[in-house]
Amino acid sequence: MQARIHFIEELTRLNHDILTMGTKVEENFRKAIEALKTRDPELARDAKAGDALVNALQLKIEDQAAALIATQQPVAHDLRELVAVFKVTHNLERAGDHAAHLAKLAIKFQEEPAFRQIEKLEEMVDRCCAMIRGTVDAYLNNDTAKAREVAKMDNEIDRLNKEVVKDVIELIRERPEQVDRATRLLTNSGYLERVGDHMTNICEAVIFMVEGEHVELND
Amino acid sequence: MSPNDGQAMRSAAPEGQIMRSLSDVVQERGPSLPAANVAGKGVQIRKLNAYYGAHQALEDIDFDINPGVVTAIIGPSGCGKSTMIRCINRMHEVVKGATVKGSVLVDGRDIYASDANPTRIRRNIGMVFQKPNPFPTRSIYENVITGLRLNMKRKPKREYDEVVEKSLRAVALWDEVKDKLHASGTALSGGQQQRLCIARAIAIEPEILLLDEPASALDPTATMKIEDLLFELKTRYTIVLVTHNMQQAARASDITAFFLADERHIGHLVESGPTRQIFMTPTDKRTEDYISGRLG
Numbered sequence: 003m004q005a006r007i008h009f010i011e012e013l014t015r016l017n018h019d020i021l022t023m024g025t026k027v028e029e030n031f032r033k034a035i036e037a038l039k040t041r042d043p044e045l046a047r048d049a050k051a052g053d054a055l056v057n058a059l060q061l062k063i064e065d066q067a068a069a070l071i072a073t074q075q076p077v078a079h080d081l082r083e084l085v086a087v088f089k090v091t092h093n094l095e096r097a098g099d100h101a102a103h104l105a106k107l108a109i110k111f112q113e114e115p116a117f118r119q120i121e122k123l124e125e126m127v128d129r130c131c132a133m134i135r136g137t138v139d140a141y142l143n144n145d146t147a148k149a150r151e152v153a154k155m156d157n158e159i160d161r162l163n164k165e166v167v168k169d170v171i172e173l174i175r176e177r178p179e180q181v182d183r184a185t186r187l188l189t190n191s192g193y194l195e196r197v198g199d200h201m202t203n204i205c206e207a208v209i210f211m212v213e214g215e216h217v218e219l220n221d
Numbered sequence: 015m016s017p018n019d020g021q022a023m024r025s026a027a028p029e030g031q032i033m034r035s036l037s038d039v040v041q042e043r044g045p046s047l048p049a050a051n052v053a054g055k056g057v058q059i060r061k062l063n064a065y066y067g068a069h070q071a072l073e074d075i076d077f078d079i080n081p082g083v084v085t086a087i088i089g090p091s092g093c094g095k096s097t098m099i100r101c102i103n104r105m106h107e108v109v110k111g112a113t114v115k116g117s118v119l120v121d122g123r124d125i126y127a128s129d130a131n132p133t134r135i136r137r138n139i140g141m142v143f144q145k146p147n148p149f150p151t152r153s154i155y156e157n158v159i160t161g162l163r164l165n166m167k168r169k170p171k172r173e174y175d176e177v178v179e180k181s182l183r184a185v186a187l188w189d190e191v192k193d194k195l196h197a198s199g200t201a202l203s204g205g206q207q208q209r210l211c212i213a214r215a216i217a218i219e220p221e222i223l224l225l226d227e228p229a230s231a232l233d234p235t236a237t238m239k240i241e242d243l244l245f246e247l248k249t250r251y252t253i254v255l256v257t258h259n260m261q262q263a264a265r266a267s268d269i270t271a272f273f274l275a276d277e278r279h280i281g282h283l284v285e286s287g288p289t290r291q292i293f294m295t296p297t298d299k300r301t302e303d304y305i306s307g308r309l310g
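Protein sequence lines correspond, in order, to chains A and B. If you count by the working numbering, then the first sequence holds residues 3 to 221, one letter each, in order. If you count by the working numbering, then the second sequence holds residues 15 to 310, one letter each, in order.
Because the hints were derived from the structure by calculation, they are not lab data. All residues carry an ideal CB built from backbone N, CA and C; glycine is no exception. Don't take each hint at face value.
To be verified - Facing chain A, from chain B, some residues (calculated, C-beta under 7 Å):
#1 Ile135
#2 Ala184
#3 Gln261
#4 Phe293
#5 Thr295
#6 Pro296
#7 Asp298
#8 Ser306
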């Protein structure tokens, strides 16, 4: 007979919520970038509203995790997993905020003409979504190799961010009247760059959970 | 460690490298190593095998117990943990047909050497059992000095008075019983009775204190008092605690040793180490399974 069935069931339920949270953040990013591309304020509002679910899931998962710590006295891997849960939810929630920022940008830009940096932003969002999916998979499967692999994708997001910054600075030089628009682009590109850092934090938490070691994956 | 130190450590760590392992944290912060000014004697167990007649209960145990720390022995029923501590004070051989091979060195001397005196050894090693067992017909006062009277020459009453007060203070019982020292020990609550038994054990100034499930018959408040007491006593005695209660081992001990019986029902030491490491990152999967409640 398998022992601790109740605990394992609770943990499985909690991990299911983490999967939902990660999926929701990814979905919000997809909607936000699509809204920005197609000038669709409705879709942007939908993406922004989706962040409320992400925030609610964070609280629900953290309450569940705290209750498991209080009532089940987890140790070793079980304890490290619950410690990792708080890091996963915290970093996913921050990523979710950045999806909401991007949605707000789409609302703001609904009447604006097309801009050339959209392609790079879209590429960054693609990478962010791949990282979110990868980190959540690595967490759910206790897969440290995957965590290490996913963390490397952060370098690509950093590179794209630098390209956007360079591009936008050029834009400001060429058309100083566009400074307001340019600043918003810069800020959001920075937010996407931070998403890569948040996912890297989760990858480090996965390694701590599985191996009990604190590692620094990207400097 | 200040936050700035942590920052420095983060930035100094090369990419992909382990910044610091949990065991480093244990070494830095854990009380696993004895302080310099502790009393008590170290115990080295070497190639210890214990038997009940033809049945072997323990096989090839190698294990060091340091003074100044509480060492907990955990493991499922039948893993030999009680046998283990009964080998440390030669109580194991009191059972008919029970024998021991190997050695137990206390302060460097083998208590199983041919010229060793079991009675003298037991006198230097106090033992407290699961169920509080004060002598029912004796008063609190007499309970504390029973060991002294049995083991040593008669002393003036003033000296006994001093030992009684000192021992009862050491177990935080003095204030509760000082006005009824001549009442029966059995009139006390379970937790008080157990502390009285610990006072009786330490009244003879043992080098080592063995506790076999000392709090398993006590309520949570009394249990906490016993655990606090272990923290106080560990600087004066080498303490070995056998417990079924893993949370108690986690709370009250500095070193944890995990015993497990194999398929032949013979107990082995699976691993031992700083308690924080055992409960955070055990190295053996069997330990992980046991402490996580997935085994036994």
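Hints, verified against the model:
Annotation: Ile135 of chain B was flagged as interfacial toward chain A, and the flag is violated, the nearest CB pair being 36 Å apart, outside 7 Å. Residue-level restraint check for Ala184 of chain B is violated (minimum Cβ-Cβ distance to chain A is 30 Å; threshold 7 Å). Interface restraint check for Gln261 of chain B: the shortest CB-CB distance to chain A comes to about 6 Å, inside 7 Å, so the restraint holds. Residue-level restraint check for Phe293 of chain B holds (minimum Cβ-Cβ distance to chain A is 5 Å; threshold 7 Å).
Below 7 Å, beta-carbon pairs count as interface contacts, and Thr295 of chain B has one with chain A at about 3 Å; its hint therefore holds. Taken as an interface hint, Pro296 of chain B checks out: its beta carbon lies about 6 Å from the nearest beta carbon of chain A, inside 7 Å. Checking Asp298 of chain B against chain A by beta carbon gives a least distance of about 11 Å; that is not within 7 Å, so the hint is violated. Among the interface hints, the one on Ser306 of chain B holds; its C-beta lies about 5 Å from the nearest C-beta in chain A, closer than the 7 Å criterion.
The structure shown violates the earlier hints numbered 1, 2 and 7.
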